[in-house]
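Student: Next come the chains, spelled out residue by residue.
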Amino acid sequence: MLIYRSELKFSMEINVNGEIKSIITRQADTLLYVLREQLGLTGAKPGCENGDCGACTVLVDGWPVKSCLMLAVEAMGHKITTIEGLKDTPVQKAFIEKWAFQCGYCTPGFIINCYALSRIHPNANDEVIQEWLQSNLCRCTGYEEIKEAVKSVLSDNAYDL
Amino acid sequence: MISFDFEYYKPSTIIEAVKTFGSLSMQGKDPLYYSGGTEIISMARRDDIFTRAVIDIKGIPECNEFRVQTGKLVTGAALTLTQLEEANIFPLLGKAASKAADHTVRNKLTVGGNICGKIIFREAVLPFLLSDSQVVLAGKRGVRVVPINQAFNKTLQLEKGELLVQLLTETSYAHLPYISIKKTKLEKVDYPLVSIDALKKDNKIRIAFSGVCPFPFRSPKIEEDINNTQVPLELRISNAVSHLPAPISNNIEGSAEYREFVLRNTLSEIIKVFERS
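Heads up: the sequence lines are chains A and B, in that order.
Position in the first sequence (first residue = 1) + 1230 = this note's numbering.
Position in the second sequence (first residue = 1) + 2 = this note's numbering.
Derived by calculation from the structure, the hints in this document are not laboratory data.
Among the hints, a few may not be true.
[Said to hold, decoys possible] For lysine to aspartate or glutamate, the following EDC-like pairs were computed, each having C-alpha atoms within a straight-line distance of at most 20 Å:
no., chain 1, residue 1, chain 2, residue 2
1, B, K97, A, E1357
2, B, K190, A, D1282
3, B, K187, A, D1282
[Stated by the list, open to error] Covered, in the sense of this in silico footprint (three residues per stretch, anywhere, with C-beta under 8 Å from a C-beta of chain B), are these stretches of chain A:
no., segment
4, 1257-1265
5, 1289-1302
6, 1351-1365
[Stated by the list, open to error] So the derived list for chain B, only partly shown, Cβ under 10 Å to chain A, looks like this:
no., residue
7, S14
8, T84
9, K110
10, L111
11, V191
The model shown is predicted, which means the values in this text are computed figures rather than measured ones.
Each residue gets a CB set at the ideal place from its N, CA and C atoms; glycine is no exception.
Here chain A stands alone, though its shape is the one from the complex (with noise of 0.2 Å):
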């Protein structure tokens, strides 16, 4: 059994964007408060910390997750891919070509999420993107760029799975 029984902080290593990173943290920081304040990542936001607005959000083997609603011990054994971890995907180009952003306080979070939906569904209809694009929360409301970036790398068919 892990036991992390102490109420100081203990030293852990985590898997973030392919590198292993040794961590000092209490057991009850949000993996979104260790990746900003320890690992100096600060891509992904605190917005709501609620895990209503997706700003936060980070991939953890694969698979978008809210990092304000997932402790930094739970990472253990897990990759996290933060939006530092992406380079050059046709997601970020489409965002771009397609101006999917205003202020970009929400980019990140929309930017992993949509990666990931063009990973695990690549074939993804209109209800699929609409389902998946309804965990971020964008203030300037540029939801019609955004969906278009993500439906052109879709029907781009741009991945190699």
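Fit chain B to the known structure of chain A by using the hints.
Tutor: Using the frame of chain A, we list chain B on its own:
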């Protein structure tokens, strides 16, 4: 940020989990079983709950099972709602699972957490109520298997330290015609005004509700009213509404009057669909 500290335990067996719970309780640490953790984290952040220890059940193999065994679908409590939805082994369950929270949250939110949590809607329980499923519970006296329609009364009736391990459902229910409807005030991702799951077995409609009252329920009396084809549709619905187990919820999602209006329309819609087919 969660303002208080707690210990984290991740047992790998049911016995370890139960013993750890007992031991931590004896130490006054008010432990919580932790599955997806979405509700615990958000409530802890708001100081709506307090604990000195969480016991993560995701390391227990039985809590992660999702398979058919001797005619029964075994659904582990630590499966995420997305896993239920994507597998689509029991389509009504997949559909019901897809109605809670949003897609990304459902990648973490588990079926056990949804059923045992404090948020009152617990929509994942409805298909299990309709399919006369059984719950596998583990506690200090061992493992017991109980019909969910006995074990679930407003909430899952757990003894102190008892853990929901699995839900067992006869696979025959997976192939029955079903309807799953969630109506919200405005947004799709929101708490329900009414959330209704129904299936048809032996030419009878079974129906279960969330959002209507402050707890999910299935009522034999309401099913009797709904299936009484000797009286006009409007009267069947009125009779059903008169047998609700508690006053209709009246809150920011919708007034009781509006909820009743939506409930009546939704019932009408469901009955018509089933009786046309």
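Student: Against this structure, judge whether each hint is valid.
Tutor: Status of the hints after comparison with the structure:
{"no.": "1", "hint": "B/K97 x A/E1357", "verdict": "holds (14 Å)"}
{"no.": "2", "hint": "B/K190 x A/D1282", "verdict": "holds (13 Å)"}
{"no.": "3", "hint": "B/K187 x A/D1282", "verdict": "holds (17 Å)"}
{"no.": "4", "hint": "1257-1265", "verdict": "holds (count 5)"}
{"no.": "5", "hint": "1289-1302", "verdict": "holds (count 9)"}
{"no.": "6", "hint": "1351-1365", "verdict": "holds (count 4)"}
{"no.": "7", "hint": "S14", "verdict": "holds (6 Å)"}
{"no.": "8", "hint": "T84", "verdict": "holds (7 Å)"}
{"no.": "9", "hint": "K110", "verdict": "holds (5 Å)"}
{"no.": "10", "hint": "L111", "verdict": "holds (8 Å)"}
{"no.": "11", "hint": "V191", "verdict": "holds (5 Å)"}
The earlier numbered hints are all upheld by this structure, with none contradicted.
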